[in-house]
Amino acid sequence: MSVERHPTEDLPAYALGALDESERETIAAHVEGCAQCTRDLAQFEDALYEAAAVGAVDVQPPRDLRTRIVLRHRGARSPAAPSWTARIAGVLLRPVPLAVPAVLALLLVVSFAIVGTNRQQIDTYERTLAGVADGRVVALAPTSANPDARASVVIPKQGQPYLVVRLPTPPSGKTWEAWVLKPGPKAVPAGTSTAGDVFVLPLTAPLGAGDGVAITLEPSAGSPQPTTQPVLLVDRT
Amino acid sequence: MPDKADDVRLIERVADGDAEALGELYDRYGRVAFGVLYRMLPGPEAAEEVAQDAFHAVWRQARSYRADRGSVRTWLLAICRNAAIDWRRTRGKRSEREVTIDAAAELLSDARVEERVVSAMRAERVRAVVRELPDEQRQVLALAFWGGYSQSEIAARTNTPLGTVKSRVRLAMNKLRERLEEER
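From first to last, the protein sequence lines are chains A and B.
Under the working numbering, the residues of the first sequence are numbered 271 to 507, in order.
Under the working numbering, the residues of the second sequence are numbered -5 to 178, in order.
Mixed in with the good hints there might be a few duds.
[As the list claims (entries may be wrong)] One side of the interface only, derived from the structure: several residues of chain A facing chain B at Cβ under 7 Å:
1. A283
2. E295
3. I297
4. Q313
5. F314
6. P331
7. V340
8. Q428
9. Y432
[As the list claims (entries may be wrong)] Residues from chain B that keep clear of chain A, each with C-beta distances beyond 12 Å, as calculated:
10. D0
11. R3
12. E6
13. R33
14. A41
15. D62
16. T84
17. P128
18. D129
19. E130
20. A138
21. N153
Because the hints were derived from the structure by calculation, they are not lab data.
Predicted model, so just to flag it, every value in this text is computed and none were measured.
Here a beta-carbon is modelled for each residue, glycine too, at the ideal position from N, C-alpha and C.
Hey, can you work out the whole structure from these sequences and the hints?
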C-alpha cells in the first residue's frame, strides 16, 4: 500500500483492534511510514481509551500490588549496587548445605498449602488491612516459591509496628519468624508465630526508618539468624 | 489529572530502569488499569495477575513509547487490554475465554470514574458523547473493546452482515474522535 492511499475506511477498526490479522498487518505497515495516519490513529485511540477509562469498573486494586510491581523491577536498576533483597539472600545462602534439600521440600509443602488458600481468607486479610485506622501500611512481596502468601507491616502513629499476615499454619515443629533488616549483614529476630490463615504478628524488634522486614519458616524455638529463604520480604519500609 | 509532559518524563525514567518511576506510573494509572482488567477478566485474581504482567510489559517496552502516537494513558491501557485478551486466549479456562454478548454489550459501566485519570466534568462529557451514539453502534464498540471480538466475529455472533458491522464501527469511532477531540 502506498503512502498516498490512506486506509481511511479501516483505520477506525484498526484503532479498535477489530480487524483480522492480515488486515492489521497491512494497516500497521502503512501507519509506520505515514505521519498523517499516525496522527489520526493517535486521535482515534485517545478518544477510545478515554471512553474506556470512564467505562472501566471503579474497583480498589489489592493494597500490595504496587509494592510487588516495584519490587519485581527494583533489582534491575543497578546490578552493581547490592539491594536489600541481595543482602538478605546473601545471609540466607549461608546455611549448612545438607539442610537445603529438606528446606526445599518444606517450602514445596508450604507452597501447595498456600495454593489452597480460599477466598474467605483473602477477604479477611483485606478487611483487616482496610480496618487500619491510622499510620502507614507497607506490603511485603511474596517470593516465587509462595506467590499467594500475603503480609503487610502496619506502622501506627503511636505504638509498636505489627504484621498482618496471611500464611498457612506452619508444619509441626516449625514457626513463622519475622525479621527486621537493618544496614549490615545480619537480620534482627522480630517475633515468631505458629498461627495460620490470617493473623497478627507484633514486631518485637525496633523498626527504624527505611528498615526492611522479612518472614521465614524456622524451627519452633526460632533462630538467631534466618535458615530458610524468606516467604515474604520488603527491602524498605 | 496528571500532566502529559510529566507522564512522558515518567516513561523516560522507566526506560532508564527506574523502578520507582514505574511505581509513580502505577499511582497515576494503576486503579483505572485494574478497573479495565477487572471488567475484561473473570475475577480479581486474574486481574491482579494480568496487571503485574502488563506493568512488566510497560517496563520492557518503555523505550518504544512515542508521544506522537498517543498519550501515556492510552499506551498503558492498550497494553493492559492486549494482556487481558492474551490471557483469555491462552490461560483462561474454556468458560472464561469468552465474554458474553450481554456482558460486553455496554461501553460504559455505571461506576463513578477515577478522577485522577479523567476529571468529573470531562467524564460527564465523555458519557454524554457515548450516550449520543445509536445503540447498535455502541454495542459493536463494546463488543470489540471489552470482548476483544473482531468485526467478522461480531457479524457472526450477532447475525449481522459484515458490511453493516464495519459501517457501525466506522461511524461510531469517527463520532467519538470528532466529539472528544474538538473539546480537548
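Results of checking the hints against the structure:
1. For A:A283, the interface hint holds, the least distance from its beta-carbon to any beta-carbon of chain B being 5 Å, beneath 7 Å.
2. The interface hint given for A:E295 is broken, as the beta carbon of that residue sits about 14 Å from the closest beta carbon of chain B, more than 7 Å.
3. The beta carbon of A:I297 is not positioned within 7 Å of any beta carbon in chain B (closest approach about 13 Å), and the interface hint is therefore violated.
4. With a least beta-carbon distance of about 5 Å to chain B, the hint placing A:Q313 at the interface is held under the 7 Å criterion.
5. For A:F314, the suggested interface contact is upheld, since its CB lies about 5 Å from the closest CB of chain B, less than 7 Å.
6. Nearest Cβ of chain B to the Cβ of A:P331: about 4 Å, under the 7 Å cut. The hint holds.
7. Nearest Cβ of chain B to the Cβ of A:V340: about 4 Å, under the 7 Å cut. The hint holds.
8. A least Cβ separation of about 27 Å between A:Q428 and chain B goes past the 7 Å threshold, and the interface hint is therefore violated.
9. Annotation: interface hint on A:Y432 violated; nearest CB of chain B at approximately 24 Å, more than 7 Å.
10. Here B:D0 stays apart from chain A, with its beta-carbon at least about 17 Å from theirs, past the 12 Å limit.
11. Remark: the non-interface label on B:R3 is consistent with the geometry, its nearest Cβ contact in chain A lying 17 Å away (cut-off 12 Å).
12. Listed as outside the interface, B:E6 is consistent with that label: its C-beta sits roughly 14 Å from the nearest C-beta of chain A, beyond the 12 Å cut-off.
13. Remark: the non-interface label on B:R33 conflicts with the geometry, its nearest Cβ contact in chain A lying 5 Å away (cut-off 12 Å).
14. A beta-carbon of chain A is positioned within 12 Å of the beta-carbon of B:A41; the least distance is around 8 Å.
15. A beta-carbon of chain A is positioned within 12 Å of the beta-carbon of B:D62; the least distance is around 6 Å.
16. Look at B:T84: its CB is around 16 Å from the nearest CB on chain A, clear of 12 Å, so calling it non-interface holds up.
17. Interface exclusion of B:P128 from chain A stands, the closest Cβ pair being 15 Å apart, more than 12 Å.
18. Here B:D129 stays apart from chain A, with its beta-carbon at least about 15 Å from theirs, past the 12 Å limit.
19. Remark: the non-interface label on B:E130 is consistent with the geometry, its nearest Cβ contact in chain A lying 15 Å away (cut-off 12 Å).
20. A beta-carbon of chain A comes within 12 Å of the beta-carbon of B:A138; the shortest separation is about 4 Å.
21. No Cβ of chain A approaches the Cβ of B:N153 within 12 Å, the least distance being about 17 Å, so the stated non-interface status holds.
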